[in-house]
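Per the numbering used here: the sequence shown = residues 6 to 249.
No lab work stands behind these hints: they were computed from the structure.
Note that beta-carbon positions come from the ideal geometry of N, C-alpha and C, so glycine has one too.
All clues stand as given, with none of them false.
Label pairs and their in silico Cβ distance ranges: (1) Arg154 / Gly26: 15 to 21 Å; (2) Thr46 / Glu143: 30 to 36 Å; (3) Val191 / Ala90: 44 to 50 Å; (4) Glu175 / Gln53: 47 to 53 Å; (5) Glu175 / Ala229: 41 to 47 Å.
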Amino acid sequence: MLILSIDTSTTVCSVALHKDGQVLACYELFAEKSSSGMLTTLIQNGVQHTGHELAQLDAVAVAKGPGSYTGLRIGVSTAKGLCYALDKPMIAVNTLEAMARQISGQWRVVGGHSTHQSINPSTHPTLFCPMLDARRMEVYAAVYDADGREVMPTTAVIVDEHSFAEVLAEQPVLFFGNGAAKCEPVLGQHPNARFLNALVQPSARTVGELAARAYAEGRFEDVAAFEPFYLKDFMGTKPKKAVV
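Using the sequences and the hints given, assemble the complete structure.
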């Protein structure tokens, strides 16, 4: 089972190649506007440098969103093009779910201490809330437990002191991602709110891990009909009126 995974949900452009669920290669670019110019190059490198060819792929996976409107269009369009050209199935993975896997998969408590160095070992979160910045005081967020089960569905949240009240009332929640910084001044005083010191960005590595499970379960998308998970309508600037 050879799966190529793509994530262009944010300004980070990443590509990974997994065989039987194990990562063979992962290329990431942390640069503004890198997705459109470098994505095909990363795909070629990831496949060729591992001694494979595109024709050997069993499926193509893509982070479906939420995230950058333009980035998601680029990633999904590229994945669709590969699937059509190679006659391969397409797998779509929620960007926030893949982010949560980065953290929940690393979270272990050994002898009362966390093995993740960036987390305060005195209190251990049982829920994980990945966040992506969505302008102003809004974030795209979801909540998962340590086994990856969805506790709160993907939602566009306008952050205030009442946000996430239900989940915070029950147990500790770890907030992370590039949207978490704007939430910490508002929610940071809550006794159950935890904030990760390190920035977690979306990555094709964990998209591929989740895609391997989807492939085994036969969860494929209709390539022709599939659309990115934008979550909300694109908000562009209003055109200026012409001066007559």
